[in-house]
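*Asks:* Please construct the entire structure, taking both the sequences and the accompanying hints into account.
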Amino acid sequence: MNVPHISIYYFGAISLVLIGLYGVLVKKNLMKILISLSIMETGVNLLLISIGYVSGKSAPILSEGIGPTQAVDPIPQALVLTAIVIGVATTAMALSAAIIIYEKYGTLNVEEIRRLRG
Amino acid sequence: MLKRSLAIISILIIGYWLAQGLAGVPFGQDKMLVGHYYLQHVKEQTGAVNAVTAIVVNYRGFDTLGEVTVLFIASTGVGALLWRKKRERTAKTEGSVVLTTGVELLFPFIVMFGAYIFIHGHLTPGGGFPGGATIATAFLLLYMAFTIYEVPHKAFEKTEGIAGMSYVLVGLIGLAIGGYFLFDWIWQTWQWGTNNLGRLFSGGFIPVIYTIIGIKVGTELSGIVDNMLKEEVRE
Chain A
964 MNVPHISIYY FGAISLVLIG LYGVLVKKNL MKILISLSIM ETGVNLLLIS IGYVSGKSAP
1024 ILSEGIGPTQ AVDPIPQALV LTAIVIGVAT TAMALSAAII IYEKYGTLNV EEIRRLRG
Chain B
17 MLKRSLAIIS ILIIGYWLAQ GLAGVPFGQD KMLVGHYYLQ HVKEQTGAVN AVTAIVVNYR
77 GFDTLGEVTV LFIASTGVGA LLWRKKRERT AKTEGSVVLT TGVELLFPFI VMFGAYIFIH
137 GHLTPGGGFP GGATIATAFL LLYMAFTIYE VPHKAFEKTE GIAGMSYVLV GLIGLAIGGY
197 FLFDWIWQTW QWGTNNLGRL FSGGFIPVIY TIIGIKVGTE LSGIVDNMLK EEVRE
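Protein sequences appear in the order of chains A and B. So for the first sequence, the numbering used here puts the first residue at 964; every next one is plus one. So for the second sequence, the numbering used here puts the first residue at 17; every next one is plus one.
Hints in this document: simulated from the structure, not taken from any laboratory. A portion of the hints provided could be inaccurate.
As a list, the in silico SDA-like pairs of lysine to any residue whose alpha-carbon atoms are at most 20 Å apart [what the hints assert, rightly or not]: (1) B/Lys246 / A/Ala1060; (2) B/Lys59 / A/Gln1033; (3) B/Lys246 / B/Thr117; (4) B/Lys101 / A/Gln1033; (5) A/Lys990 / B/Lys101; (6) A/Lys990 / B/Ser21; (7) A/Lys995 / B/Ile24; (8) B/Lys170 / B/Met244; (9) A/Lys1067 / B/Leu245.
In this text the structure is predicted, and so the values were computed from the model without any measurement.
*Replies:* Okay, structure coming up:
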């Protein structure tokens, strides 16, 4: 039962996801939960990017000296570009929902919000 | 306390599980064949030098249209959630001299830099989404510096709509010429820019699409910023 060798990038990505998950599970402030979700998202993006990495190769911009065989995999990068944009959109939605909740209840504590009007 | 320890235990279990799963994925080696195909053919098929851009706009252009739609729905949703009869900016203090002077000086350059990013999307890292976000930061700076500043709503909404429609229009022209939606007619049919690969005027319709996306994202994110900074006014 030993964890085999994993790269530092995978380790960092997993740690970011877990830190975010801890925040989502434990914190009660809605703002902190949203921040945790953002951290989780960053972890997932880092994971995708590091899966696409090929050691010793450069960015997938084909210029002089960089042919098709000298570039890293471009697909994860394109996917992450999409993921970041969608993440920003959902975060904006969630933040505006939080603004509405604060205006209605006067608090951002999820337990109080649940208790006031169950 | 119990909840916290339970959370830590479950996180450790999930972390171990994730680490086990990822230990099987080799790091730093070539894993995917599709990426190879794209890298081998990107130059003659799309005319773009930046493979990421080619995938986002050309190979997966339809998905990007969906992505732009998601962004549009999100910005509309923010507007709908924060909708009130009377909303105004209620900022109390003007920015400091450093901020206002700096913003006045830097605003055109930040907008120009954003435009640079999305016009050169097929050559350099970046593209429509980062360029649009850069333009939105310029407007955010204006909001932070001046208490009474507001973006021109009417013009921005119209620009946004026109940009979205022109994306679909470019795709439909491709449908008319080449037989499928978002067919790269500038590159495939006209062969325009074949002999100056890697210069600004190459890359088929990628610069056109990315300019459209950049304008759309810039106006949308500025609208989101505007919506979030306003508060209801009570008389």
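*Asks:* Run every hint past the structure and note whether it holds.
*Replies:* A quick look at each hint next to the structure:
Between B/Lys246 and A/Ala1060 the alpha-carbon distance is near 14 Å, which keeps this suggested pair within the 20 Å criterion. A distance of roughly 15 Å separates the Cα atoms of B/Lys59 and A/Gln1033; the hinted pair therefore holds under the 20 Å criterion. For a cut-off of 20 Å, the pair hint linking B/Lys246 to B/Thr117 is broken: about 24 Å separates their Cα positions. Pair hint B/Lys101 plus A/Gln1033 does not hold up; C-alpha atoms about 57 Å apart against a cutoff of 20 Å.
Under the criterion of a C-alpha separation no larger than 20 Å, the hint pairing A/Lys990 with B/Lys101 is inconsistent with the structure, at around 34 Å. Restraint check for A/Lys990 and B/Ser21: the C-alpha separation of about 13 Å stays at or below 20 Å, so the hint holds. Between the alpha carbons of A/Lys995 and B/Ile24 the distance comes to roughly 17 Å, so the proposed pair stays at or under 20 Å and holds. The straight-line distance between the Cα atoms of B/Lys170 and B/Met244 is roughly 17 Å, inside the 20 Å bound, and the hint therefore holds.
Taking the CA atoms of A/Lys1067 and B/Leu245, the gap is near 18 Å; set against the 20 Å cutoff, the hint holds.
Checked against the numbered hints given earlier, the structure breaks hints 3, 4, 5 and satisfies all the rest.
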